[in-house]
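There are 4 protein chains.
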Amino acid sequence: MIIVLKKTATEANIQHIAEKALKLGLKTHISRGVERTVIGFIGPEDKLQMIPLDTFPGVEQVMPVLAPYKFVSREFRTEDSIVKIRDGVTAGGKKLIIMAGPCAIEGEEMLLSIAKKVKAAGANVLRGGAFKPRTSPYDFQGLGEEGLRILKAVSQQVGIATVTEVMDPRDVGIVSEYADMLQIGARNMQNFSLLKEVGMIKKPVLLKRGISSTIREWLMSAEYILSNGNFDVILCERGIRTFETETRNTLDINAIPVVKQKSHLPVIIDPSHGTGRWDLVASVSKAGIAAGADGIVVEVHENPEEAVSDGSQSLLPKKFELMMHELAAVAKAVGREV
Amino acid sequence: MIIVLKKTATEANIQHIAEKALKLGLKTHISRGVERTVIGFIGPEDKLQMIPLDTFPGVEQVMPVLAPYKFVSREFRTEDSIVKIRDGVTAGGKKLIIMAGPCAIEGEEMLLSIAKKVKAAGANVLRGGAFKPRTSPYDFQGLGEEGLRILKAVSQQVGIATVTEVMDPRDVGIVSEYADMLQIGARNMQNFSLLKEVGMIKKPVLLKRGISSTIREWLMSAEYILSNGNFDVILCERGIRTFETETRNTLDINAIPVVKQKSHLPVIIDPSHGTGRWDLVASVSKAGIAAGADGIVVEVHENPEEAVSDGSQSLLPKKFELMMHELAAVAKAVGREV
Amino acid sequence: MIIVLKKTATEANIQHIAEKALKLGLKTHISRGVERTVIGFIGPEDKLQMIPLDTFPGVEQVMPVLAPYKFVSREFRTEDSIVKIRDGVTAGGKKLIIMAGPCAIEGEEMLLSIAKKVKAAGANVLRGGAFKPRTSPYDFQGLGEEGLRILKAVSQQVGIATVTEVMDPRDVGIVSEYADMLQIGARNMQNFSLLKEVGMIKKPVLLKRGISSTIREWLMSAEYILSNGNFDVILCERGIRTFETETRNTLDINAIPVVKQKSHLPVIIDPSHGTGRWDLVASVSKAGIAAGADGIVVEVHENPEEAVSDGSQSLLPKKFELMMHELAAVAKAVGREV
Amino acid sequence: MIIVLKKTATEANIQHIAEKALKLGLKTHISRGVERTVIGFIGPEDKLQMIPLDTFPGVEQVMPVLAPYKFVSREFRTEDSIVKIRDGVTAGGKKLIIMAGPCAIEGEEMLLSIAKKVKAAGANVLRGGAFKPRTSPYDFQGLGEEGLRILKAVSQQVGIATVTEVMDPRDVGIVSEYADMLQIGARNMQNFSLLKEVGMIKKPVLLKRGISSTIREWLMSAEYILSNGNFDVILCERGIRTFETETRNTLDINAIPVVKQKSHLPVIIDPSHGTGRWDLVASVSKAGIAAGADGIVVEVHENPEEAVSDGSQSLLPKKFELMMHELAAVAKAVGREV
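Those protein sequence lines, which keep their order, are chains A, B, C and D.
Convert by adding 169 to the 1-based position in the first sequence; the result is the number in this note's numbering.
Convert by adding 169 to the 1-based position in the second sequence; the result is the number in this note's numbering.
Convert by adding 169 to the 1-based position in the third sequence; the result is the number in this note's numbering.
Convert by adding 169 to the 1-based position in the fourth sequence; the result is the number in this note's numbering.
Just so you know, these hints were derived from the structure itself, not from any lab.
Among the hints, erroneous ones may be present.
All copies of an identical chain are treated as equivalent in the list; a pair is satisfied when it fits inside any one copy or across any two copies.
Claimed, not checked - Here are the simulated EDC-like pairs of lysine to aspartate or glutamate, each with C-alpha atoms no more than 16 Å apart in a straight line:
| no. | residue 1 | residue 2 |
| --- | --- | --- |
| 1 | Lys-216 | Glu-474 |
| 2 | Lys-488 | Asp-448 |
| 3 | Lys-431 | Glu-229 |
| 4 | Lys-189 | Glu-475 |
| 5 | Lys-372 | Glu-346 |
| 6 | Lys-216 | Asp-308 |
| 7 | Lys-189 | Glu-474 |
| 8 | Lys-175 | Asp-223 |
| 9 | Lys-365 | Asp-340 |
| 10 | Lys-216 | Glu-475 |
Bound-form chain A, shown alone (with noise of 0.2 Å):
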């Protein structure tokens, strides 16, 4: 921690942060400028960050020298983690990790249908919600318990892993029984209870970006999870909210080579969302796996007119198909492999 006093601070101003610093055990490295005195803080930072210091006399600015996460960071960890899902199925490493599935689970004949398709065109885990959070009541909001059956029934029919949402702090354990994988959607990506709640569960976490939340938030969220016992998280970037409305939101590709710096978890991409738009599905997914992406989650359905939600961001099995057929030339040119 750095601080920059005032042009005005006095010596007493000084004197006080000084005191502060030393109760809490930290020295003090004290630099006079010609324009500006600046105080550096010797000693574990993290007992400072609970100490509102802008609001000290004199303070005109306070400046972070260290990342605020810890068990996330490279610094923590160097190597890559892989994140196992299932028997065979793993997130992290030379092979991406292909999530493709319906929007929500509509019913099992349904679900059995893209499951068996999804696989065959190369997809690793099944994706579906059974609890949907949905911006208005009045729409569909999951078949809930009802879903995860259908979904567990699929997966052991079919042969592949599954990973579904959880909304609520209460269905932690349920959805644990059913699923292989858990997903945090980016409406809830600071819901603190839920984090807390997956942290102390057997496993793995799919985090995804709030469509607001800073890549230090997203970190910071995903810390919550790994401080509390689970360090099975694959962090997902399903856009961010800008100006823009061509799209329904905006995929944030820098942040797929800024996370593999600063943290060793997987990180996908979640193209549906990132775009909203099935048409621009396939140029993003490359995008993201060319930028170093882990992989994909993408929405698959057969009868979009007919889907229960998000309907115009779905690809048809046709279209998935195809992508994968291009994601796998682009996936070799830099090194991986679908």
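Please arrange chains B, C and D on chain A, whose structure you already have, making use of the hints.
Relative to the frame of chain A, chains B, C and D by itself:
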């Protein structure tokens, strides 16, 4: 709902859409222009909201005509709603509602002292957090139920209404027992499990706008509460996330008159979070009242240097008192009173 | 300037930076912490601003200590500047400056009629565009010099000061001949050729904030004008671009007190562009004055249906008059007058 | 154009609008729904764009049906445009266009050395600024005409095409004499005087997207150039401003396929400004090409520590060469070549 077709749309495309509408019990109105054909639908629009019309062949654009909320709208109730928080304490009438207190409840003595001072200066609701949503798992997370007990004890001793945040649907019951009003924080504005839960209680709810939520989404979240039976909702503008870094958030002053047009619900501002800086709170509070807000919620702390949370945006009681004098003058200028 | 080094930085990295600083005539202050080494520089910071310190080996972060502007800062001049627009018409003192008129000058008769009405209602500056920056090449581009001539003729007849936009450095001379004050529009806030040109004239300049400019960038653009010799600058907050779509822009009310702290220059708001809707103008104008703005610039048109530009954000003269009564009350409440 | 009326709109309101349309030579199509009446207009929409229909009594919403641009649209030209920069150097075909060089031209020797290296690595256009748009008036402003002379000399010696920025309409003539292509920078995307000026020359124009410009506004700015007679425009996505602070800007990868759908013009990306960090340039360049971009423009400097501008986002020639190998693989994967 209006649909604009692509230049290349065929007669078969048009028929396909018309048939879909017919099945849903809607009539269509087809307008063939020089450049584009446009289809309007006559009948209840909400039936169409479930259909991803933009996936239908030939469709270029889908334009909803009606707002997606009902109970929160001015069309549903034309006069301003007055929300009762406690006997003699209401929001939405001529008298402004002034909520003040520390960010977090740190102890009984401290809360009692602040409560007396803010009441003396004109506050009619005491705020204070027992459950704190913190970006970092390593920050102070609140006193929990002990904090709630303190809040109630102080409330009874001083004779002031109370508001406190609830973050977990499992805590709605207990928070309702202790506090007069429940706050849904910005990070939980789209925590739909929580919204449904507070929609089923008999206490008023203070619903903060998410930092990157549109006014429409904010009203939709209120609709979750009203449609579950609880009409006692107060909206709170608390700043949105923009590119500007001088302030923690950008208080959206335009939102006050916009919400007043669209909804009958009371709306207040939170200048502490809306700016993130105590030295801007008075200016922005006056602006909010001048723009038509029904009140403010503001952080006050006797010793911001020692505050365990948000010290840098907390006013000293003396500054709060001073601000209340200024607010009284502005309130009078716009036909209100503190 | 402060530099935070990477955990892996070597002694050689530190020496390399120290030598660079020495060559520039700066002393360094090295502080070796447990986690990181930090280097502070003592001497004129602007010498360092030209050096891309973040490219030096071992550097993790570069933190500027001082604001990059000089003449616009409160440190340069502590008391508020008062900008004279014409004899008896100033901005920055107790009396508010009220600029009103049509978006574009459409003809002499029309401008004369509006000028009389806005003056009668309390405006002291007539606004009106002769050169119009339009997003579309197919929109009305302004009357050009003929518009300027009309503006001056009306000004003389009615006895009111004038402000009009200049978009092209080649037009600065001619606009200066006709108008009392030159406006730099939001789209040209970083048109540096234009800024330098208006920095060399003897007329006051109204500098609008760019729709996505930070307060710092805005002040830097003002610095271009002051550093070229023209200290008569009035800043104008006119709304920034955010994700919200209910309003054309989001007027940044926080910017008023922030700018007042950082700079001695007068600052006004433009509620017409800041909201894009005439029905929000009065509320937001009152908010701006309550927050400490030195005035407003507002669009007024007698027949918005026929306006060639921005009709939907223009007030009718009657509404403007009404608003001026309300503004007078708010101004009085905050110790100002219209 | 479609108009949605308020619930309270009267028959007289409808007639008033219909009459206005008739005067403009348009037919109206009135559709009376249960909740709202909707009016569609048949005839040339651009006539209506000049009319502020949202100010008409009874109007709730105005919805444009057609895009406001013509010459830049896919409807105007369905096949991809190929822009010729110099004999043998084109943008928009199978072969990617690679523009590389220093941010600013600092001297002949330096530019010559870089030019040789980037050409050897596969670049076909040399970039370098002679007129620099700088946020601060105290930063290096470019060598001006001397820089242009150097650029041309190096171009002839090395045999490479050139691009350089023009900021002032008065400089368009001289820049055209020296360079093969003129760049309009992000800050000048809506400098309409400048756009008109480059619309009247016979050289290709590289039009950067403004940091907070929508895709629609960007295409409208291109329309200014095309509608003035110059069809040789290359679009350049260079990052938009968002709330994220890890990167200088957020490169909008979605914009590539969106622009490809809407326009026939070539589109490239600028990963240097799009990220602001040299260590992200390679990842994001690969992403851009994978998404369908026609090329890149990238900053290369032999000694970033000594660069007078943007050193922290410049690649060393060695890194550029390395990246070109990676790009070649990705290009091949998507059917392109470097």
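Hint check:
1. Lys-216 <-> Glu-474: between (55 Å within a copy, 14 Å between copies)
2. Lys-488 <-> Asp-448: within (10 Å within a copy, 34 Å between copies)
3. Lys-431 <-> Glu-229: between (29 Å within a copy, 12 Å between copies)
4. Lys-189 <-> Glu-475: Between copies, since 10 Å is at most 16 Å while 64 Å is not.
5. Lys-372 <-> Glu-346: within (10 Å within a copy, 35 Å between copies)
6. Lys-216 <-> Asp-308: So Lys-216 and Asp-308 pass the 16 Å test across copies only (10 Å; inside, 46 Å).
7. Lys-189 <-> Glu-474: between (64 Å within a copy, 10 Å between copies)
8. Lys-175 <-> Asp-223: within (11 Å within a copy, 25 Å between copies)
9. Lys-365 <-> Asp-340: both (13 Å within a copy, 15 Å between copies)
10. Lys-216 <-> Glu-475: between (55 Å within a copy, 13 Å between copies)
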